[in-house]
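J.: Residue numbers (the numbering used here), protein chains in the order written: chain C, 1 to 362; chain R, 1 to 330.
Simulated from the structure, these hints should not be mistaken for laboratory data.
Just so you know, even glycine gets a beta-carbon here, dropped at the ideal spot from N, CA and C.
Each hint should be verified, as a subset may be incorrect.
Which residues of chain R face chain C? A partial, calculated answer using Cβ under 7 Å [said to hold, decoys possible]: (1) 75; (2) 86; (3) 90; (4) 97; (5) 124; (6) 129; (7) 132; (8) 160; (9) 195; (10) 199; (11) 201; (12) 202; (13) 275.
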Amino acid sequence: MMSLQRILAVIRKELIQLRRDRLTFGMIIGIPAAQLLLFGYAINMDPRNLDAAVADLSSTTASRALVMDLAHSQVVNLRYQAGSAAELEELLRSGKISVGLFIPDDFERRLLQPERAAAQLLIDGSDTVVQGAAAKLAQPARTSPYTDAPPRLELRTFYNPERRSPVNTVPGLIGIILTMTMVLFTAVAIVRERERGNLELLIATPVQTLELMLAKIVPYVAIGLVQVTLVLVLGVLLFQVPIRGSLLDVYLLTLVFIIANLALGLAISTIASNQFQAMQLTFFILLPSILLSGFMFPFAGMPKAAQWIAEILPMTHFMRLIRGVVLRGANLSELTGELAVLGVFILVAMTLAVRRFTKRLD
Amino acid sequence: MTAALNTAAQPGVEPAADAMAGLAIEARGMSKTFGKVQAVRDLDLDVPRGRIYGFLGPNGSGKSTTIRMLCGLLTPTAGDISVLGYRIPEQAEALRRRVGYMTQKFSLYEDLTALENLQFMANIHSLRRSARHRRIEAVGERYHLEGFLRQRAGTLSGGQKQRLALAAATLHEPDLLFLDEPTSAVDPENRRAFWETLFDLVAEGTTILVSTHYMDEAERCHALAILDQGRLVAQGSPLELTGAIDARVAVVESSQPRRVRKALEGHAFVLSSAQIGHTLRVLVHKDSEDPERLIRDAIAAAGLPADSCALSRPNLEDVFVASTRTRTPS
């Protein structure tokens, strides 16, 4: 028979320990806040302020107009004036600039011959994001700035405000933060007791495995919900993330995701033999969660094998759920398939944890 | 039950003798192997109810492993074990409600206060509200915890931690108490007080199984098992064990005890010798006739002085040395 008294005793004990562990307690608030600010401001898929240099050998009104257009695009930040193409290449190779604009001395004549490139854009191809952005910059240089629409306008259309990153990043960030904190909290939960010697005493008492597992999860469910709230509030206030679906749906799907992560953490905790191993295993989960879930790169563009791996991760399904509800305003009832996958995941992870945990030392 | 364990006949036994309605622990052929290491080999144990039963042995002799098997924390490799009538390991879960276990290393939560630890353990043992208050108050008084109930367990002294651990292990009034080297981090004065409380528990009918490597503690047990390299080498009350010793003990006084010791060690009739101040305590083979004469002759032959040589009553340490020694050559 499961005993509520025993479950509550362990929950209470966990909460007291958590309250006294100042650093961990601080991290409950600190990690989400720091991550949100970092990722929200720093992860910007639309590159801005790429360092650039110009070698204007033509030095005419038309060439200066082109340089001004480039400078006003906000994509590049003109830092150097170069005297030759070789000098540009040197700057590029040394990493001082990512983009170089070379305007030959016959620039004006070339402009009159639309089939010839009027100027050359040198791009640092080692960063694919820079490459992509800078390649688009090259387009106005090939068309004539005089005959067609002004290049400045053309440039701006690529980076219109509707493509702001935080809107896409913040909902996914909830998943990353929860994966990080929730899995880690429970991954160390049982290992820590073992390392400190508490487990030997605990397993010599009538406490049951399932009671112990449930009691280890419950306090962190509450903590996870606090973190979600924090990220949502900051996301709306700082980054104007729109929540188009119902808030109740957001919390419901997040709750399921939190439990999935906690169950995963518990399973890790019964496999790892010390806290260091538990942390390593957590990062083993965290990294693919960030890279393969669709948080960083589009899921559709990944090779099949990577997609299969991603399908095993709770984070992938959470991404689809949260983006659906928050950004597309979808209803949870339209996304039951993803929820069901998370449900199965919880069942498997909990079963694994309960079966792997024995009330024995051998 | 072997005759050696019939402690009822022993003088100085407390009135709880009538509570001895049989055996608390009965084990036959108990063994435990870790990989290639045989930690416990073919152990037979009979622990009577309402007694303090001691495990005496050096580190690595299998004391902790045996205790862990008996409370169901380790699965025996072989053996029939019955603890309080429960078959172990199959019925270990039912047994847990009726035993208390004090681990060798302090294993309560160091970041909880003493009181919080007691409340936690009381709840884990499903004590009802009123019983919880009554028991926490009772153990607080008995083990003198009042002064540090609101202090974090991690900041307590060795003696305080030990009292708290014993209090936590006895909260649910277990019938059987396992204590794994409970006094290793405690000063002599606290050890004395600790043993007094153990006898209080026994008087209330609790059976206590305690492991130790201190001879003075072993002397206080009702019955003892001497373990060496995972084997049971002797079992019985301290009196029986010293009476049945497989050797004779002589005390030699000499001005040059160290050289005398060296001279004696080569002789076949000498089992072992130990220097105690100016004297030597010599264990002599049981079958040797007139050991005093043998020793005197051996010392004289080495050209060394001997002021006196007399037979002495064996103590538990002699038993320990004699019984663990016989194993070594095999």
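J.: Each hint: holds or not?
T.: Evaluated hints:
1. The closest approach between the C-beta of residue 75/R and any C-beta of chain C is roughly 6 Å, which is under the 7 Å cut-off, so the hint is satisfied.
2. Using the Cβ-Cβ criterion of 7 Å, the hint placing residue 86/R at the interface with chain C is not satisfied: the shortest such distance is roughly 13 Å.
3. Annotation: residue 90/R was flagged as interfacial toward chain C, and the flag is violated, the nearest CB pair being 13 Å apart, outside 7 Å.
4. Look at residue 97/R: its Cβ gets to within about 5 Å of chain C, closer than 7 Å, so that hint holds up.
5. Given the 7 Å rule on beta carbons, the hint for residue 124/R holds: about 5 Å separates it from the nearest Cβ of chain C.
6. Violation of the interface hint for residue 129/R is found here, the shortest Cβ-Cβ separation to chain C being roughly 10 Å, above the 7 Å cut-off.
7. Taking 7 Å as the C-beta contact cut-off toward chain C, the hint placing residue 132/R at the interface is violated, the least distance being around 10 Å.
8. Taking 7 Å as the C-beta contact cut-off toward chain C, the hint placing residue 160/R at the interface is violated, the least distance being around 17 Å.
9. Taking 7 Å as the C-beta cut-off, the interface hint given for residue 195/R is violated, the closest approach to chain C being about 22 Å.
10. The criterion of a C-beta within 7 Å of any C-beta in chain C is not met by residue 199/R, whose closest approach is roughly 24 Å, and the hint is violated.
11. Taken as an interface hint, residue 201/R does not check out: its beta carbon lies about 18 Å from the nearest beta carbon of chain C, beyond 7 Å.
12. Proximity of residue 202/R to chain C is violated relative to the hint, the smallest CB-CB distance being about 21 Å (cut-off 7 Å).
13. Violation of the interface hint for residue 275/R is found here, the shortest Cβ-Cβ separation to chain C being roughly 38 Å, above the 7 Å cut-off.
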